[in-house]
Each structure stands twice: as C-alpha cells, then as structure tokens.
Amino acid sequence: AKSLAIGNPADGPYVLDIARRTGGAVEDVTDEQVVDAIKLLARTEGIFGETAGGVTLGVTKKLVEAGVIDPALTTVVLNTGDGLKTLDAVSATSQATATIKPSLDAFRAAGLVAG
Numbered sequence: 093a094k095s096l097a098i099g100n101p102a103d104g105p106y107v108l109d110i111a112r113r114t115g116g117a118v119e120d121v122t123d124e125q126v127v128d129a130i131k132l133l134a135r136t137e138g139i140f141g142e143t144a145g146g147v148t149l150g151v152t153k154k155l156v157e158a159g160v161i162d163p164a165l166t167t168v169v170l171n172t173g174d175g176l177k178t179l180d181a182v183s184a185t186s187q188a189t190a191t192i193k194p195s196l197d198a199f200r201a202a203g204l205v206a207g
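Heads up: the sequence shown begins at 93 in the working numbering, then just goes up one per residue.
These are computed hints drawn from the structure, not numbers from a lab.
Please read these numbers as outputs of a predicted model, since none were measured by experiment.
Among the hints, erroneous ones may be present.
Unchecked claim - Below, computed lysine-lysine pairings styled on BS3-like, alpha-carbon distance capped at 25 angstroms:
id, residue 1, residue 2
1, Lys131, Lys177
2, Lys154, Lys131
3, Lys153, Lys177
4, Lys131, Lys153
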C-alpha cells in the first residue's frame, strides 16, 4: 500500500508498543491479499477502498482465520480512503467497466437493477 510503503513508518514503534501493552495483535499481508481485500469490500459492500483499507481488511481477515479475532463478535474495520487514489493496485486484475446511458432502462438492460 502506497500510504504504508515508506520503509519505516514514523508511528510504527508506537503501534507495536501499544499492541504489546494491550494484548493486541499485528499482522502483515501480501500485495495480492491487499487486492483481494479491496475486491472483497467492493463485491460485498459496494465500497471501493484504497490500498491502506485493503491492508486493514486483509489483516482483519487473516486474524479471523487465525483465530485471533473471534468471528462471532462484531468487529469494526475503518476504511477512510477512496480507491480512486490507488487505481494502479487493481487495474491489472480488474475488468473494464461498461458504459451505459443514464437511464433506468439502460441500468436494467445491463443487469444492474432488478425488474
């Protein structure tokens, strides 16, 4: 993620300290897992997040799968970035979008609206 790819984040030591003192957890994700998380969020929630949000969701998913986060509990994932800022992260693995006329009939014809 561009916003995290600065080698030695200034707040990194503080984050690790807080995680250790509070019994928290930290994890990493691959670039592929970041893209998968961005697509998961778009597919399931209709939100196109940037790569930092993909890191957040990807790590959350990984911690749930590892049993660190209880899947039965409600977990809030903050994603404040817009995917338009980091299009290069998903452009190679995403399909081209369709161009349709701005009408309800065109949306229906494209299968975007029921009825």
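Right, here's what the structure says about each hint:
1. Lys131 / Lys177: 15 angstroms, holds
2. Lys154 / Lys131: With a Cα-Cα distance of about 15 angstroms, the restraint between Lys154 and Lys131 holds, given a limit of 25 angstroms.
3. Lys153 / Lys177: Between Lys153 and Lys177 the Cα gap is close to 23 angstroms, so the pair holds against 25 angstroms.
4. Lys131 / Lys153: 13 angstroms, holds
Every hint, counting from the list given before, is met by this structure.
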